[in-house]
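Let's have the full structure, built from the sequences with the hints guiding it.
Those letters in the sequence shown? Residues 456 to 936, per our numbering, in order.
None of these hints come from the bench; they were simulated from the model. Note that the coordinates shown come from a computational prediction; the quantities given were computed from them, not determined experimentally. Among the hints, erroneous ones may be present.
What the hints assert, rightly or not - Derived CB-CB ranges, DEER-like:
no., residue 1, residue 2, range
1, Ala693, Leu474, 48 to 54 Å
2, Pro587, Leu862, 53 to 59 Å
3, Leu546, Pro497, 19 to 25 Å
4, Pro651, Pro497, 43 to 49 Å
5, Ala802, Phe692, 48 to 54 Å
We put the CB at the ideal spot given by N, CA and C, even for glycine.
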Amino acid sequence: MVSTPRSWTERLLARRWLLGFVPINAATAGFGVVLPLIILFPLHGTWSQVALAATIFNASVIASSVLWGHLADRYPRRRLFLVINYAGYALLYLFIVLWPSINALYGLYAVIGLIAPAGASASTLLILEKFPETDRAKAYASFQEMSILGSMGGLLLGYVWTTDALALYSLLYLLSGLAAASAFAIWFGVSEGPRPARTTQVARHPDSLVARVRQSAAFRIPIPFFPVRPRIARGSFARFRTWATEELRHELPLVLAAMFLFNFSANVFNISLTPYLASAGVAASSIFLINFANSAGQGALFPFSGAINNRFGADRLVRVSTYVRSLSYLATAGFALAILAAPQVFAANVASYAVAGVAIAFFAISSSMMLFRSLHGRDSGRILGVNSALGGVAAVLGAAVSGAVALVGSFSLVFLVAAGALLTSLPLWTAASVAYGRRHPGAILAEVPRPPGRSRRPPEPTRTDAGRTAVGDAVPATKTG
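Right, here's the structure in full:
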């Protein structure tokens, strides 16, 4: 399992240069809320136009992620890719201010999607290269802490800015400055790693995999990452069909399907949340606070997620976190149906969205651990490519569903669709645990309560399972100093 550092200060900041990731996460988190608010208020757009903008962004991310994955392997210049990403954000935020129209915003948001995967892959590989094996758990935990803290800071900044009735466009100047600050800090404060790593190596380290496949705290969506470029040539479909037939005997397809449903439901819900709050009369500053509650819930519980995952097991934790998050979606659907005043809508959604943030803190690590243990002895690079492709499809499909339901005009319906998709993944997680247990007898005995007064003797290892122990030991523990 992913081990946790011994002290809070060690876990919070593994190296000072990781602070350079705080401003960019503040900028992207603030922008994730400012963008739909600009469409809805200054540009007088609609819910469907917010969904269309998200669809364009997600499609751009998918189109460019293959290219950036290839470039990351061919040109191991992590700092350069990060600066391209962050400086590009800074310029594009300014362009949105200079060209205040919905059509221009669509085009600029598409360009943001094109450069987004550059930093997503480079940051993970940079930490993989800069830290020795014994320090990677601490490093990736610290990296994710910087992401969460930056996200919380950006949302609080948006709250303070809009409370004083300052224009949303003027906030983009500040967010642009934060993105530029990260580009400056990375270029002048970080050196390249001594030994370049390839994108396929991400799958060999559970900590880097957790950091890579988790949902972005800033954009509220998964950014696809293709460790190996999929080959598109004659016979590709036949090879894929052969691969899929073989994988049907494995728990991996169940894990991938469950993660697809999670990403789909998250996109359906998150894209429609801001238009719903705006239609209910919630002020822009209060919408920032509701999003802050989600990041705060995730940040408060994330430090304990590794230890809790070790104690209760990934199989159990992934189901509980999925169920809790679906209850948050159902509650929001109920709020949309009820006749509530704006202050009541605000208070109710602060609570429910904070619960969703708590749930994702546990889901991120437990689902990643279940994916990681399924990669042993397999072509992990290509499988992660398939998972990334499914995440991209889920993002585009979720945005499209939000836009389609917008034509009906029912926020409750879209939130119910999100909750239904998430609840549908629960039997898939259970089936994945059963399939893994059949391949590794005795591996998930921790899931079965023991009769009182009787001791449980550990099973004798078989030839295929020699050297393996419990579920968590399928993922090698990383000790930190």
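Outcome of the hint check:
no.	hint	verdict
1	Ala693 - Leu474: 48 to 54 Å	50 Å, holds
2	Pro587 - Leu862: 53 to 59 Å	54 Å, holds
3	Leu546 - Pro497: 19 to 25 Å	21 Å, holds
4	Pro651 - Pro497: 43 to 49 Å	45 Å, holds
5	Ala802 - Phe692: 48 to 54 Å	52 Å, holds
Hint violations for this structure: none, all hints satisfied.
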